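> So the chains spell out like this:
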Amino acid sequence: MSAGRSRVPLSLRLAAWLLPRDVREEVLGDLVEAWNAKERSESWFSRAAWTWKQPIAVLLARVQARNDARVLPSVARVSVDLRIAARSLARAPTFTLVAVTTLAIAIGTNTAIFSVVETVLLDPLDFTEPDRLVSIRGTAPGSDMPDEFGLAAEFYVQYRENAAALEDVGYYLEGEQTVRADDRVERLPVSLASHSLFSTLGVRPVLGRLPTEQDEDAQVVVLSHWLWTEWFGRDPEVIGRTIEIASGPRTVVGVMGPSFGFPHERVAAWLHDLPSEEIRPGGFGWELVGRLAPDADQVVLAGQLDELASRLPERFGGSVEYARIIEQHRPVLRSLEEELVGDIAAPLWILLGTAGIVLLIACANVANLLLARAEDRRRSFAVRRSLGATRGDLLRAQMVEALVIAAAGGVGGVAIAVGGIPLLVRGAPESIPRLASTTLDPTALGFTASIVLFAALASGLLPALRFSNPALDGTLSSRLQTGTRSTRFARHALVVAQSAAALVLLVGSGLLVQSFLALNRVDPGYETEDVFTFQMAPVLRDHGVTDAPSLARFHYAFMERLAALPDVESVGLTLMLPLDEGAEVTRVVTDRTIATGGLEPLVRVTHAGGQYLRAMGIEVLLGSDFERNADPTENPQAVVSQSAAELLWPGETPLGKRFRPSDADSSSWLTVSGVVEDVILEDFRRTEPEPLVYLPLVGHDRASWPITTPAYVVKSPRAAALGPEIRDLVREIAPEAPVYHMSTMSALAARAVARLSFTMLTLGVAAGLAIVLGAVGLYGVLSYVVSQRTHEIGIRMALGANASGLRRTIVAQGTRVVILGVMLGAVGAAVLTRALESLLFGVPAVHMPTYAMMAGLMIAVALLASYLPARRASAVDPMTALRAD
Amino acid sequence: MARERFGELEEQVVLGLLRLGGESYAVPVAAELTDVTGRDVSPATVYMVMHRLASQGLLTSRVGTPDPERGGRPRRFYRVVRRAVLPLLAESRRARLALWDGLEPELDRS
Chain U
1 MSAGRSRVPL SLRLAAWLLP RDVREEVLGD LVEAWNAKER SESWFSRAAW TWKQPIAVLL
61 ARVQARNDAR VLPSVARVSV DLRIAARSLA RAPTFTLVAV TTLAIAIGTN TAIFSVVETV
121 LLDPLDFTEP DRLVSIRGTA PGSDMPDEFG LAAEFYVQYR ENAAALEDVG YYLEGEQTVR
181 ADDRVERLPV SLASHSLFST LGVRPVLGRL PTEQDEDAQV VVLSHWLWTE WFGRDPEVIG
241 RTIEIASGPR TVVGVMGPSF GFPHERVAAW LHDLPSEEIR PGGFGWELVG RLAPDADQVV
301 LAGQLDELAS RLPERFGGSV EYARIIEQHR PVLRSLEEEL VGDIAAPLWI LLGTAGIVLL
361 IACANVANLL LARAEDRRRS FAVRRSLGAT RGDLLRAQMV EALVIAAAGG VGGVAIAVGG
421 IPLLVRGAPE SIPRLASTTL DPTALGFTAS IVLFAALASG LLPALRFSNP ALDGTLSSRL
481 QTGTRSTRFA RHALVVAQSA AALVLLVGSG LLVQSFLALN RVDPGYETED VFTFQMAPVL
541 RDHGVTDAPS LARFHYAFME RLAALPDVES VGLTLMLPLD EGAEVTRVVT DRTIATGGLE
601 PLVRVTHAGG QYLRAMGIEV LLGSDFERNA DPTENPQAVV SQSAAELLWP GETPLGKRFR
661 PSDADSSSWL TVSGVVEDVI LEDFRRTEPE PLVYLPLVGH DRASWPITTP AYVVKSPRAA
721 ALGPEIRDLV REIAPEAPVY HMSTMSALAA RAVARLSFTM LTLGVAAGLA IVLGAVGLYG
781 VLSYVVSQRT HEIGIRMALG ANASGLRRTI VAQGTRVVIL GVMLGAVGAA VLTRALESLL
841 FGVPAVHMPT YAMMAGLMIA VALLASYLPA RRASAVDPMT ALRAD
Chain B
1 MARERFGELE EQVVLGLLRL GGESYAVPVA AELTDVTGRD VSPATVYMVM HRLASQGLLT
61 SRVGTPDPER GGRPRRFYRV VRRAVLPLLA ESRRARLALW DGLEPELDRS
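First to last, the sequence lines map onto chains U and B.
Following our numbering, the numbering of the first sequence begins with 1 at its first residue and continues without gaps.
Following our numbering, the numbering of the second sequence begins with 1 at its first residue and continues without gaps.
Certain hints may be false.
[To be verified] Pulled from the structure, derived: some chain U residues nowhere near chain B, Cβ distances all over 12 Å:
1) Arg24
2) Trp50
3) Ile594
[Stated by the list, open to error] Residues from chain B that face chain U, not an exhaustive set, calculated with beta carbons under 10 Å:
4) Phe6
5) Leu20
6) Gly22
7) Glu23
8) Tyr25
9) Val36
10) Asp40
11) Val41
12) Ser42
13) Pro43
14) His51
15) Gly72
16) Arg73
17) Arg75
18) Arg76
FYI, nobody ran anything at the bench for these hints, they're computed from the structure.
Remember, predicted model here, so these are calculated numbers, not experimental data.
Ideal Cβ placement from N, Cα and C applies to all residues, glycine included.
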């Protein structure tokens with residue numbers, strides 16, 4: 001694997017790049033070797049500090065190597081330049097303020113977004129040799145399994161025993177459980193984890209020990225650092241204590257360190273889990289994590305796993321469907337980091353790119369300001385030349401000035417980033433891993449330092465080169481009124497570049513806004529307004545619940561109490577709520593599959609009861625809603641969605657047809673009593689409806705009671721305000737029960753599009769900044785041109801030119817420049833907005849109306865920015881203008 | 001190029017190399033200097049010093065085999081040309097000791 005080559009920190013590459021080409025590779029090798037040695041022994045902080053010292057060490061060594069005699073005086077000269085620059089900038093406070101603020105905003109934006117990107121995407125995972133960790137999942141193209149899915153117990157056993165390319169492999173399952181200790185009870189995210197998960201990750205506990213193979217299944221638990229801190233006050237005596245998780249006593253054997261949160265930071269505890277002795281194959285959904293053997297790579301591993309998986313049916317048996325899935329099965333491997341970061345990577349890179357564009361626009365603005373300023377100081381430059389200053393002196397003096405501005409902008413930028421990072425973290429979707437730990441660390445500061453240098457070069461180089469030119473010598477005697485052609489060209493070119501960059505951002509944010517609106521227009525099949533939802537986890541045995549009828553009676557009684565709350569219109573419950581928990585997946589048997597021996601179709605399945613369909617506003621298309629039924633019946637009724645009806649009984653009337661989940665026993669038939677409209681379970685982007693069956697609260701026998709912790713849905717115009725009343729009610733009925741997942745359906749719907757709305761919002765802010773900076777830049781250029789041409793305008797006016805004609809000329813001049821920028825920007829946007837494609841919905845990346853609208857907006861802003869200077873020009877009094885010279 | 005004396009870092013690097021048996025590469029030499037003197041020296045700095053000394057005929061160098069730990073990049077080993085280096089070291093040691101002559105009591109007092 002080429003991990004060694006790709007994992008070199010930017011700073012070390014920079015250090016090598018500063019060296020002559022012929023020694024770069026060898027020095028980089030040395031630096032990487034030293035860095036790797038530090039990785040094993042030193043803290044993250046000291047390593048980061050060390051890497052950023054390297055480019056500086058190289059620079060110092062190179063300076064040292066130069067002729068000593070030359071170095072000292074030039075250092076002294078730079079310090080003189082610094083003093084001069086500081087003084088002259090202080091004399092032009094408006095210029096300095098505008099330039100520094102512009103750069104500060106851009107640098108601050110970049111620093112803040114880079115900090116997030118660094119924490120979430122770039123920092124290596126806090127495990128031993130994280131680049132050897134792989135996530136192992138599966139795909140089975142051509143089968144009816146999802147595109148990608150978690151594996152199962154038999155895969156784990158097979159891989160662990162036989163895959164030579166794996167040094168170790170572990171598994172985990174995520175879930176939510178009621179955790180009780182002393183008087184405290186809460187519903188918390190926990191993870192079921194094999195003991196081998198910890199050894200695979202290469203982590204150690206800070207207290208106690210990790211589970212081992214000798215520990216009995218599910219009897220021991222390892223606490224997260226936060227649970228240990230918040231619930232047990234970091235009491236070391238917690239080891240050996242018994243706490244209750246998932247209604248069973250578990251012995252605490254260990255506590256993990258504060259940085260360990262797997263698979264995410266909110267996990268409260270890891271329950272030790274072993275695969276059962278008798279594996280029933282096909283229980284998919286297990287997440288496997290493997291550690292590659294030292295000499296193996298993902299390609300070798302994929303080959304081995306493929307081969308091992310194909311032998312699963314012969315070892316573990318299983319159904320015909322299972323054998324078919326295994327036949328199609330291919331392992332899906334990706335680095336663990338990629339798996340944990342997931343699909344947030346694309347939006348974050350887009351944001352960083354956006355910030356980069358804002359920086360370019362800001363640099364163009366400052367370059368323009370510096371050009372104008374240099375133009376004003378031509379005479380002074382010419383004087384300095386004539387007094388013996390070399391071209392290098394003038395160049396250096398101007399670059400030092402640009403550097404001072406950029407450095408001040410950098411300081412301001414860091415302040416903006418310090419304030420902005422918490423805002424960014426709060427505004428981002430909550431599911432982004434590691435986001436909360438974003439801080440301004442040395443690496444981010446190093447990044448800031450490099451963009452300060454970049455900004456100084458990008459904004460200072462063009463003016464400095466222009467105004468250190470030997471051709472300047474003749475200008476001392478010239479009149480210097482209108483500025484030279486090439487300067488005007490340079491300044492217009494900058495405005496063109498700015499407008500192009502701003503248009504790219506405007507088009508990007510326009511596309512995202514339209515996607516957002518389109519997603520909000522999607523009809524999920526249920527109402528999201530005025531619906532409140534929550535879950536609770538009572539200790540059922542305390543309420544006399546022992547079987548399905550008593551459970552149903554408990555739920556009905558509770559729902560009656562809920563319905564009696566003021567303004568509540570209807571109340572229902574479901575095992576898994578759309579947008580929150582989705583629904584389970586099962587195969588179903590129908591008379592047709594029995595008759596044809598065909599594949600049992602895969603459908604989503606949930607349980608529902610009470611007035612669930614009415615409360616959610618799910619329309620009944622055929623037949624009737626659930627019956628209220630607390631007793632098991634011979635012939636329990638179920639409701640199916642329209643697409644499920646079409647899948648299971650194509651071309652037939654579904655009402656009265658029977659089916660059963662394939663894992664239920666063969667007498668558990670359900671009869672279809674109603675057909676309802678399709679609903680969106682998880683993803684608003686999904687255009688194909690998912691077949692869904694709703695099973696009743698009580699099945700056909702007393703033992704079937706799957707709904708232990710359902711989600712209740714309450715329809716009420718006061719949905720958003722129901723929380724406290726419901727808490728009171730639960731406290732009264734089941735004081736021991738934690739209440740959790742309290743939310744309105746509209747909040748869940750907003751969460752479902754959070755990734756898009758976050759990107760949209762930040763890109764929108766960036767586009768807003770871009771257009772303001774662009775307008776300021778254009779205004780600056782035109783104002784300057786007008787002030788330079790006052791004399792010429794005066795003559796024209798004196799010769800009878802009319803004011804409106806003059807205004808038109810100047811506005812046209814500004815607009816022409818911007819239109820050129822808009823044209824280039826449109827081309828750029830067509831290329832760059834492809835990066836947004838994964839976020840777009842209902843709108844193509846190249847969408848003419850958006851382009852036209854944003855181009856129009858850009859031109860309108862250009863008209864406005866040119867009109868103000870034009871009006872000033874036409875107000876010139878010819879006599880004053882002519883006398884002024 | 002004939003040399004009369006070493007710069008301070010040059011002297012330390014050459015001594016470091018000799019302490020490591022007369023042949024080594026930048027990473028161990030930098031580590032040795034850090035261990036012995038407490039001075040944090042970058043391997044890149046050490047490499048550049050050795051590169052310069054080699055160009056002056058004081059060291060010879062050869063390229064080692066690429067190493068996966070370094071992302072497949074080769075190591076350059078430098079060897080001290082004792083015949084050229086030892087006189088320079090002797091001279092710098094002599095000069096330093098001569099300067100110290102009579103000043104040791106100052107140290108004792110501080």
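> Each hint: holds or not?
We went through each hint and held it up to the structure:
1. Chain B draws U/Arg24 into its interface by the beta-carbon criterion, the shortest separation being 9 Å against a cut-off of 12 Å.
2. Its beta-carbon lying about 8 Å from the closest one in chain B, U/Trp50 breaks the requirement of being farther than 12 Å from that chain.
3. Distance check for U/Ile594 against chain B: the nearest CB is about 59 Å away, which clears 12 Å, and the non-interface claim stands.
4. Given hint, B/Phe6 at the interface with chain U, is violated; its Cβ is 14 Å from that chain's nearest Cβ, farther than 10 Å.
5. The closest approach between the C-beta of B/Leu20 and any C-beta of chain U is roughly 14 Å, which is over the 10 Å cut-off, so the hint fails.
6. The criterion of a C-beta within 10 Å of any C-beta in chain U is not met by B/Gly22, whose closest approach is roughly 19 Å, and the hint is violated.
7. Contact between B/Glu23 and chain U, as hinted, is not supported at the beta carbon level, the nearest pair being about 15 Å apart and thus beyond 10 Å.
8. Taking 10 Å as the C-beta cut-off, the interface hint given for B/Tyr25 holds, the closest approach to chain U being about 7 Å.
9. For B/Val36, the interface hint is violated, the least distance from its beta-carbon to any beta-carbon of chain U being 17 Å, above 10 Å.
10. Against a cut-off of 10 Å between C-beta atoms, the interface hint on B/Asp40 holds, since the closest Cβ of chain U lies about 8 Å away.
11. At its closest, the beta carbon of B/Val41 sits 8 Å from a beta carbon of chain U; the interface hint therefore holds under the 10 Å criterion.
12. Checking B/Ser42 against chain U by beta carbon gives a least distance of about 4 Å; that is within 10 Å, so the hint holds.
13. Annotation: interface hint on B/Pro43 holds; nearest CB of chain U at approximately 4 Å, less than 10 Å.
14. Given hint, B/His51 at the interface with chain U, holds; its Cβ is 6 Å from that chain's nearest Cβ, closer than 10 Å.
15. For B/Gly72, the shortest C-beta to C-beta distance to chain U is roughly 6 Å, which falls under 10 Å, so the interface hint holds.
16. Because the closest C-beta pair between B/Arg73 and chain U is about 3 Å apart, less than 10 Å, the hint holds.
17. This hint holds: B/Arg75 has a C-beta 6 Å from the nearest C-beta of chain U, less than the 10 Å allowed.
18. Satisfaction of the interface hint for B/Arg76 is found here, the shortest Cβ-Cβ separation to chain U being roughly 5 Å, below the 10 Å cut-off.
Violation of the numbered hints given earlier is confined to hints 1, 2, 4, 5, 6, 7 and 9; the remaining hints are satisfied by the structure.
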